[in-house]
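S.K.: Residues per chain are reported as follows:
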Amino acid sequence: MINTDAVVIGAGPTGLFCAHQLGIIGLKCEIIDNLDKIGGQCIELYPDKPIYDIPAIPECTGEELTKNLIEQIKPFSINFHLKDRVQEIKNEKEKWIVKTLNGKEFLTPNVVIAGGVGSFEPRKFPIKNIEKYEGKSILYSVKDKTIFKDKSVVIFGGGDSALDWAIELSKNSKVTLVHRRDEFRGMASSVAKVDELKNQNKIDVITKFSIKDVKGNGTLTSIEIADEQGNTKNIKTDYVLGFFGLIMQLGPILEWGLNLDKKTIPVNTENFETNKKGIFAIGDICTYPGKLKLILSGFHEGALAARGCFKYARPDEKLRFEFTTTSKAVQERLGVKK
Amino acid sequence: MAKIKYIEHNGKEHEIEVANGLTVMEGAIQNGIPGIDADCGGSMACATCHVYVKDENWFSKLPQKETGEDDMLDQAYEPKSNSRLSCQLIVSDELDGLTVHMPEKQI
Chain U
907 MINTDAVVIG
917 AGPTGLFCAH
927 QLGIIGLKCE
937 IIDNLDKIGG
947 QCIELYPDKP
957 IYDIPAIPEC
967 TGEELTKNLI
977 EQIKPFSINF
987 HLKDRVQEIK
997 NEKEKWIVKT
1007 LNGKEFLTPN
1017 VVIAGGVGSF
1027 EPRKFPIKNI
1037 EKYEGKSILY
1047 SVKDKTIFKD
1057 KSVVIFGGGD
1067 SALDWAIELS
1077 KNSKVTLVHR
1087 RDEFRGMASS
1097 VAKVDELKNQ
1107 NKIDVITKFS
1117 IKDVKGNGTL
1127 TSIEIADEQG
1137 NTKNIKTDYV
1147 LGFFGLIMQL
1157 GPILEWGLNL
1167 DKKTIPVNTE
1177 NFETNKKGIF
1187 AIGDICTYPG
1197 KLKLILSGFH
1207 EGALAARGCF
1217 KYARPDEKLR
1227 FEFTTTSKAV
1237 QERLGVKK
Chain R
284 MAKIKYIEHN
294 GKEHEIEVAN
304 GLTVMEGAIQ
314 NGIPGIDADC
324 GGSMACATCH
334 VYVKDENWFS
344 KLPQKETGED
354 DMLDQAYEPK
364 SNSRLSCQLI
374 VSDELDGLTV
384 HMPEKQI
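So the sequence lines, in the order shown, correspond to chains U and R. The opening position of the first sequence corresponds to residue 907 in our numbering, with each subsequent residue numbered one higher. The opening position of the second sequence corresponds to residue 284 in our numbering, with each subsequent residue numbered one higher.
The shape of chain R in the complex, shown without the other chains (with noise of 0.2 Å):
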């Protein structure tokens, strides 16, 4: 279990408890938290659960991207260098306290 806190380009934030073994989009979709679309429904083949971690300790901390994580972020709305696919994030009691702010939108 991990608390997750979600952050919408709007400033709004949601922070919630998810279960180990779910990934950080899920959290988001399950508990209808807006700002996340996760279009195909995890299999990384598009970038709409697109999300910036912003604290660069914790961007270091998060397990390294797989091939193919930056070939869809290239077609995310304005990816930056600490960009992430919250559907690769696996949560796990190590992502305890990670915070995700969500981009203006997904694309």
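Chain U on its own, in the form it takes in the complex (with noise of 0.2 Å):
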């Protein structure tokens, strides 16, 4: 059992700036993320696209605001907990015992949800009953391509990973690459990688086509694709692998007992504490009046969820509001006095 001041679930700027502001007050916190890196939906869904709209940076991009956000913390010594997913959050006397998936548990009096838009999660193909096939034969990701050796294998997506896991597992497996549209997104030179290895009939390249059945006996056997017009082909497959990108599930965040607006968390903005004592909801997941989906209003709700932390954490001491500029105190923590 891990004892801290606060748990900060989600690892994206919302959830850094916030470890910050708690680091500043001298309050310990661990974060947890289900992604393998820090950054949330900037470093996943926009590590190049600039940013023009954080106060007093004109431009970045989601990597180098993440990366100035964990140079920021840095003196703070935060553990990540990556590649982890809390699944429970369950109330012990005046504080939350916080379950991950990989069973770590934390002893807390603070719950910070700073998770975006849910956890990322590979999406799946849109097909009944195929989740006996999941996991075995139907497959988001690759975690031993030797199991792929000598056998066929079918790949669906457009995108990078689907391109890269065609090219690799057509060294030694028979490969079938089906995709919606003409176009692949991936890199050009993947793409044109592709392309040849098709001229040299070493990958079955299939356009215009998707997912409509899959069939076997307690074992995968083939899968039907269909295209727009209702053209089906049969292929004979031992397995299946579909790249369609991440999707972003609030996953188990909705039986937590907490008040829900669509996937929001409505909150206080006075220190954005949500209907349970000791959770706070900040970033894109919280809402109130007015709410911004900025990454700068989530800098500010972290800023004072902070502060709402340090009444549970402290609750015999008070907090004296203090310059980073000025404070004694503050700088020790940050390793700068002089």
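Among the clues, some could well be false.
What the hints assert, rightly or not - The calculated DSS-like cross-link candidates involving lysine-lysine, where the alpha carbons are at most 30 Å apart (straight line), are:
1. U:1104 - U:1142
2. U:1199 - R:388
3. U:934 - U:1001
4. R:288 - U:1114
5. R:388 - U:1104
6. U:1001 - U:1139
7. U:1001 - U:1049
8. U:996 - R:363
9. R:344 - U:1169
10. U:1169 - R:388
11. R:388 - U:1139
12. R:288 - U:1199
13. R:388 - U:1197
14. U:1118 - U:934
15. U:1114 - R:286
16. U:1114 - R:363
17. U:1034 - R:295
18. R:363 - U:1030
19. U:989 - R:388
20. U:1168 - R:344
21. U:1049 - U:943
If you are wondering where the hints come from, they were derived from the structure by calculation, not from laboratory data.
Bring the two chains, given one by one in their own frames, into a single complex with the hints.
M.R.: In structure tokens form, the structure reads like this:
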């Protein structure tokens, strides 16, 4: 069991800056994120897209913003728990027990949900009765590529993941690449490579088709694909890989007894606490009158939520408002005291 | 101002007046029309405001897709050749009478 002042769910810009604000006022926190890297949507959805509305930063990319935030919270040596997801939050006297998918447990008076639009999960094939094959012969990621050796694999998708795996697996497997339109959105070099392999008959490429059905008797034997006109084809295959990017899902958050408004969590605007004492929501996931889904709003919300955490983490102390320019205590925490 | 008709997958119709300058997605969200999620808020970073423009004349009349829209549509639920992201359809008088159909779900 890890004891801490606050558990922050989500390592996007809002969660990171909230961790900074917690650090500034002398509180410890642990950050949990489902992705394998820090940065949230900034790193997963638009690492290269320039952002123009971060105060005092005329232009920066999602990746640069993330890098700078990581740099900014360095003095607080915050623990990150990546590729993990909070499953359960349970009340324990005046505190919360937070349990993750990987079996980690935290005891904390404060939980700050900075989960954006939820956790990222792979998009699945939209077909019924597919579950019995998922995780066995129908996969959304490759953990061990040796299972495909000398087998047939149908890969769906038009982006880099689909192209990269089609190229890689074509070395030892019979690969069919299926995409719903003629254009592929991957890197030009990968698109060219797939074209080359197609001309050498090393990859079968079928465009303007999508998956319609899977067939098998416990074990997958073949799939049916169809185009918009309703023409169908059957492909015998051992494995099917789908690469349709990631979807954001609220997932377990729905079960924590929080008030919800569509996919967002209503909060007060004094400290961004939810209907549950000690559970705060900030950034894209929270809602209140006038809410703007801007990174700068997330920063503000994080700063106030951190102060909200203080009263539960240090019930006997009074929080004094201090500036980083002048406060010795704050500068000591930042490691910049001269 | 344009009258836009939103038809849910179950056939339920919503006809509303949307102010010029808003997107077809915003018209739905601001009026609480179900079937359009718009998780990313209109930054063309998800595919949860996906609609079908079934009338071919209307589809060809709409502003062309910008780079990236088809890439996101690849990730939508059952995209078709008449699919659009409603966050990329900016309302003007020219869109008066447009009908969009919502897919079975937004993923």
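S.K.: Each hint: holds or not?
M.R.: Evaluation of the provided hints:
With a C-alpha separation of about 19 Å, the suggested pair residue 1104 of chain U and residue 1142 of chain U falls inside the 30 Å cut-off, and the hint holds. Of the supplied pair hints, the one linking residue 1199 of chain U and residue 388 of chain R holds, its CA atoms being roughly 23 Å apart against a limit of 30 Å. Annotation: proposed proximity of residue 934 of chain U to residue 1001 of chain U holds, straight-line Cα distance about 15 Å (limit 30 Å). Proposed proximity of residue 288 of chain R and residue 1114 of chain U is supported: the alpha carbons are some 29 Å apart, at most 30 Å.
The hinted pair formed by residue 388 of chain R and residue 1104 of chain U fails the criterion: a straight-line CA distance of about 34 Å is larger than 30 Å. At roughly 57 Å between alpha-carbon atoms, residue 1001 of chain U and residue 1139 of chain U are farther apart than 30 Å, so this suggested pair is violated. Using a Cα cut-off of 30 Å, the hinted pair residue 1001 of chain U and residue 1049 of chain U is violated, with the two alpha carbons roughly 38 Å apart. Between residue 996 of chain U and residue 363 of chain R the CA atoms are separated by roughly 44 Å; this puts the pair beyond 30 Å, and the hint is violated.
Between residue 344 of chain R and residue 1169 of chain U the CA atoms are separated by roughly 33 Å; this puts the pair beyond 30 Å, and the hint is violated. At roughly 15 Å between alpha-carbon atoms, residue 1169 of chain U and residue 388 of chain R fall within 30 Å of each other, so this suggested pair holds. Between residue 388 of chain R and residue 1139 of chain U the CA atoms are separated by roughly 25 Å; this keeps the pair inside 30 Å, and the hint holds. Using a Cα cut-off of 30 Å, the hinted pair residue 288 of chain R and residue 1199 of chain U holds, with the two alpha carbons roughly 27 Å apart.
The suggested pairing of residue 388 of chain R with residue 1197 of chain U holds, with an alpha-carbon distance near 26 Å, which does not exceed 30 Å. Note on residue 1118 of chain U and residue 934 of chain U: the hinted pairing is violated, with a Cα-Cα distance of about 50 Å set against a maximum of 30 Å. Taken as a hint, the residue 1114 of chain U and residue 286 of chain R pair is broken in the structure, with Cα atoms around 33 Å apart against an allowance of 30 Å. Taking the CA atoms of residue 1114 of chain U and residue 363 of chain R, the gap is about 9 Å. The hint holds against a cut of 30 Å.
This hinted pair checks out: residue 1034 of chain U and residue 295 of chain R have alpha carbons roughly 24 Å apart, not beyond 30 Å. A distance of roughly 17 Å separates the Cα atoms of residue 363 of chain R and residue 1030 of chain U; the hinted pair therefore holds under the 30 Å criterion. For the suggested pair residue 989 of chain U and residue 388 of chain R, the alpha carbons sit about 27 Å apart, so the restraint of at most 30 Å is met. Simply put, residue 1168 of chain U and residue 344 of chain R have alpha-carbon atoms about 33 Å apart, too far for the 30 Å limit, and the pair is violated.
Taking the CA atoms of residue 1049 of chain U and residue 943 of chain U, the gap is near 17 Å; set against the 30 Å cutoff, the hint holds.
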